[in-house]
Amino acid sequence: KAGVTQTPRYLIKTRGQQVTLSCSPISGHRSVSWYQQTPGQGLQFLFEYFSETQRNKGNFPGRFSGRQFSNSRSEMNVSTLELGDSALYLCASSPEPPGQGHIQYFGAGTRLSVL
Amino acid sequence: SQQGEEDPQALSIQEGENATMNCSYKTSINNLQWYRQNSGRGLVHLILIRSNEREKHSGRLRVTLDTSKKSSSLLITASRAADTASYFCATRGYNTNAGKSTFGDGTTLTVKP
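These protein sequence lines are chains A and B, in that order.
If you're matching positions, the first sequence starts at 1 in the working numbering and goes up one per residue.
If you're matching positions, the second sequence starts at 1001 in the working numbering and goes up one per residue.
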């Protein structure tokens, strides 16, 4: 079974641009979560989707948005990029709905650099 | 601040020694999980312990949970150079609207051959 796939692996953007990151969960997994990881802030929760519905949202500005498609694939978008958005963005999938203490399977991440 | 806080922040040991990492959290939890992350990569799930469990084993890993102290520990026995990585604890609450994992800052473990 293929693992969680995130594309692209690396991305370089300039301030003010927008970016879209993609995540394909493990086949059969319907829950997808996104995290931002930076040296200063650690792992911060962005969103959690289940069956195309956003179930949880972290404390990030409205520039960060996401969605989930009917095949459970998910995308996250960051508009008007700032230098501080440079980070490793991790996607995780799970076979269970949120709130049931499920194990998350992480992708390798997308390394975003904002210049 | 993060729900989980690992201690120590960094740990350096010789191959064959045991490594112990601790995690403290602040609110009631449904379960606590430990993950490993190799440099710049995704996280790999190691072990999950539920709030009604006190100890769990998986191979060379031993996890304990003390809900009265809101703390957990991860013990890696007979460490190997390949265990070099960052280790994170993650907690999940009972509230279905809080079904997200909250990660600590991690412990960076270096195992010297």
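Simulated from the structure, these hints should not be mistaken for lab results.
Heads up, some of the hints might be wrong.
FRET-style restraints, in silico, Cβ to Cβ [stated by the list, open to error]: (1) 1007(B) x 39(A): 17 to 23 Å; (2) 1113(B) x 14(A): 41 to 47 Å; (3) 77(A) x 1058(B): 36 to 42 Å; (4) 1022(B) x 83(A): 33 to 39 Å; (5) 39(A) x 1015(B): 25 to 31 Å; (6) 1057(B) x 95(A): 21 to 27 Å.
Ideal Cβ positions, reconstructed from N, Cα and C, are used throughout, including at glycine.
- Query: Does 41 to 47 Å hold as the CB distance between residue 1113(B) and residue 14(A), or does it fail?
  - Reply: holds (42 Å)
- Query: Okay, residue 1007(B) versus residue 39(A) on CB: inside 17 to 23 Å?
  - Reply: With a Cβ separation near 18 Å, residue 1007(B) and residue 39(A) satisfy 17 to 23 Å, so the hint holds.
- Query: Okay, residue 39(A) versus residue 1015(B) on CB: inside 25 to 31 Å?
  - Reply: This hint holds: roughly 27 Å between Cβ atoms.
- Message: Holds or violated: the 21 to 27 Å window for the beta-carbon distance between residue 1057(B) and residue 95(A)?
- Response: The hint (21 to 27 Å, Cβ to Cβ) holds, given that residue 1057(B) and residue 95(A) are roughly 24 Å apart.
- Task: Hint says 36 to 42 Å; check whether the CB-CB distance for residue 77(A) and residue 1058(B) agrees.
- Result: Holds, at about 38 Å.
- Item | Cβ separation of residue 1022(B) and residue 83(A), checked against the hinted range 33 to 39 Å | The hint (33 to 39 Å, Cβ to Cβ) holds, given that residue 1022(B) and residue 83(A) are roughly 34 Å apart.
In summary, the structure agrees with every hint in the numbered list given earlier.
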